[in-house]
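Engineer: Generate the whole structure from the sequences, applying the supplied hints.
Just so we're aligned: the sequence shown equals residues 1 to 165 in the UniProt record's numbering.
Hints listed in this document are in silico derivations from the structure and should not be mistaken for laboratory results. Remember, it's a predicted structure, so these values are computed and weren't measured experimentally. Treat the hints loosely; a few may be bogus.
In silico lysine-lysine, PhoX-like type, Cα no more than 20 angstroms apart, as pairs [stated by the list, open to error]: (1) Lys126 <-> Lys69; (2) Lys24 <-> Lys83; (3) Lys136 <-> Lys99; (4) Lys69 <-> Lys83; (5) Lys126 <-> Lys88; (6) Lys69 <-> Lys88; (7) Lys126 <-> Lys99.
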Amino acid sequence: MMKVLYQDVESVLKINGGLSAPFKVQRGIRQGCSLSAWTLFKRGSQGPAVSLYWLLEEPLVGGGRMDIKDSSPGLAHITHSIKFTTLKRLVDTAGPEFKDTRAVAEELSLRSLRYTEDIIQRWTNKLSEDELNLIKEYHDGTETPDRGDPFPELELLPDLNGHEG
1 MMKVLYQDVE
11 SVLKINGGLS
21 APFKVQRGIR
31 QGCSLSAWTL
41 FKRGSQGPAV
51 SLYWLLEEPL
61 VGGGRMDIKD
71 SSPGLAHITH
81 SIKFTTLKRL
91 VDTAGPEFKD
101 TRAVAEELSL
111 RSLRYTEDII
121 QRWTNKLSED
131 ELNLIKEYHD
141 GTETPDRGDP
151 FPELELLPDL
161 NGHEG
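Structural biologist: Below, the structure written as structure tokens:
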């Protein structure tokens, strides 16, 4: 349902009384959209990924399960600015074993290899053994992403921020 609502969305800007040419909206929630109420929910998948395609599309930032922004201030800004936002980009840069710390540090413009290694470790700690195996099979060429795979089931729970309700 969400995919249908947000697929191929176009917008126009009103500038000095005239409208701009339509442009595609690539991310974000439309102004006034009732789905913005989703910020009141904790979101997550109901289990480990079974689809290589959707696993590789897993966001590293933006509130997804791979997001580690709370322990790495400024990381979301860096990753967004260079479009290093998906697990696929991390795998392609660090390799299937997530060992190429130097390449990730260069990509993220980080000077400390120890800090970069810590970031990579926190991301990989969020992956299940099955997901790590899928990534290795992807790298070996024995598994390929299928864009037609169904979107994973999501779990929504109220996020009451410590309040009863």
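Engineer: Work down the list of hints and note, for each, if the structure agrees.
Structural biologist: So, going through the hints one by one against the coordinates:
no., hint, verdict
1, Lys126 <-> Lys69, "holds, 13 angstroms"
2, Lys24 <-> Lys83, "holds, 17 angstroms"
3, Lys136 <-> Lys99, "holds, 13 angstroms"
4, Lys69 <-> Lys83, "holds, 16 angstroms"
5, Lys126 <-> Lys88, "holds, 15 angstroms"
6, Lys69 <-> Lys88, "holds, 18 angstroms"
7, Lys126 <-> Lys99, "holds, 16 angstroms"
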